[in-house]
Structures are given as C-alpha cells and as structure tokens.
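Make the full structure from the sequences, and use the hints.
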Amino acid sequence: GEKEERDRDKDRDRERDKEKDKEKVKEKEREKEKERDREKERDRERERDREKEKDKDKDREEREKKEKGKERCKDKEKRKERDKDREAALTKTSPLSVTAAQTKSRLDTDHKPSQLPPSPSYEEVIKDLRAQLKRSQEAQKEMSVLLNMYKVIPKDQRDKAALLQAEAKLRSELNEARNEIVRLQTQVADLQHQRRERDKEREREEKDREREREREREREKEREREKEKDKEIERDRDKHSSVARRPSSSSQASPHLACSLNSISGVDGRSPLTIDESRLQTSSVPVHLDVSNSNFKTLWL
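For the record, in the sequence shown the residue sitting at position 77 is 440 according to the working numbering, with numbers rising by one throughout.
Treat the hints with caution; some may be incorrect.
[What the hints assert, rightly or not] Each computed DSS-like pair below joins lysine-lysine, with the alpha-carbon atoms no more than 30 Å apart:
#1 K433 - K497
#2 K447 - K437
#3 K602 - K584
These are computed hints drawn from the structure, not numbers from a lab. Everything numeric in this text was worked out from a predicted model, so none of it was measured.
Quick look at the structure:
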C-alpha cells in the first residue's frame, strides 16, 4: 500500500511538472505574441511616418511649383511692361533716332553672342535644381527613418542595434566577396573550357593531317603498283613480239613442224578444226601446209 501511495504521489508530481511546463510554454507563446504585436505596431508607426513624410514632400513640391509659376508670371508681366516702355520711348523720338536705336540694338545683339559665353537654358537650370532637390529629399528621408528607428529602440538595446547594423554591413561585404569569387570561378571555368576546345580542335586538325598523309601514301603505293603493272604488260608485249619475229629470222636453222588443216569452215569458230595426223611430219626444212578450202591458217610450233 505504501508503494502504491508513493507511485501515485510521483505520478501526481509528474503531472504537476507537466502542467507547469505547459504553463511556461504558453506564457512564452503569449510573450512572443505580444512582442510580435509590438513589432507590428512599430512597423505601422514607421509606415505612418513615411506616409507623413511623403505627404509633406508632395506639399512642399506643390508649393514650390506654385511659387515658380507665380515668379514666371511676374517675369512675363515685367517683360511686357519693359516692351511697352520701349515702344512708347521709340514713338516719342524722331524717325532718325528710331533708326539709329534700331541699328545700335541690332549691332549689340550681333556682337553679344560672340563676346559673352552662352548661358545655360532655363530648362537645364530647372532640371539641375530638381535633381539636387530630389537628392536632398532622399537623404532627408533616410535620416528621418534612421532617427525614428533609433527613437523606437529602447536605450538598453541601442548598442545592440549598432552591432546588428555592423553585422549586416559585414554580411553584405561577405556576400559581395562571395559573388566576386563566384564570378572569378565562372570566368576561370570559361577560360578552361575554351582552352580544352582549342586543344580538341588542334587534335582534330592533326588527325585530319595524318589521314591526309595516309591517303597520300596509299595513292603513291597505288601509282607504284600501276607502274609495275604497266612494266609487266610492256615486258609481255616485248616477249610476244620477239616470239612472233623469231620464225621468219631463224626458219632455216631450226626444225619446224608442219601440219595440214583438212577443213576450216569459217573464222567465227562454229565448226571444229580437224587436223590430218597422217600428213603431220617433222623435218629440218620448212614444209608448206596444204589446205582444202580458201580459209586457212599456218601454225608454227
């Protein structure tokens, strides 16, 4: 019974610990949720401040535009008044003075551009002023945003914010260095690929040259074979021509075999060639062949 009681107490303690852990986790979740809500509220305040700054900038630009428009109107009115005064003065003077004044003004206008440097146009000046104003407004916005962020951060965490900014700067520099390394690696890989391609191209060209040399050797061998064949044919022709000339030159010195062809029907070779063996003789002098028809041949053996 005591053991069971102890086990029950232990189980109760475990359940209490579990409940406490759950409460702690819930409390942490609540704190995190509150922190998220605070962060969202800060973001909203920053967004409102940005919107206010934008509205102020727009109002300022509109005011400047209105002031510039008023100044332009004033300048136009002043020019009109000056032109009227000049016309009135010219009408009061004599015609000679009028022509003299006109010629003088014409000469002044002719000589002024060559003497004085050309002044920038009104549009260029306005463009430069607008660019300067835009740069100053952007700098002011950045400063105001940084100031608002600094004000929102508690005092005990301001040094931490500076450390975070330094860490972000270091991370950006590290990323830039990594990007530079990747760029250099890709460049090196491209150069290596180009080098390999060049080596392959050289190997292909060398192989093509070797094949061409091999073909040239084969052609040379073929020519040598053709020459040998021509020489053999020439030798055979010489042999046949010497054999054909030999009977006429040495007919009296060597014995000959004469035979009589009994019947030769034609040159086309349709009928067989018959030889009369009783008339076949050997002698030391040439014997003429007796043939029975007009188509005959003499065979020297």
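Consistency of the hints with the structure:
no.	hint	result
1	K433 - K497	22 Å, holds
2	K447 - K437	15 Å, holds
3	K602 - K584	27 Å, holds
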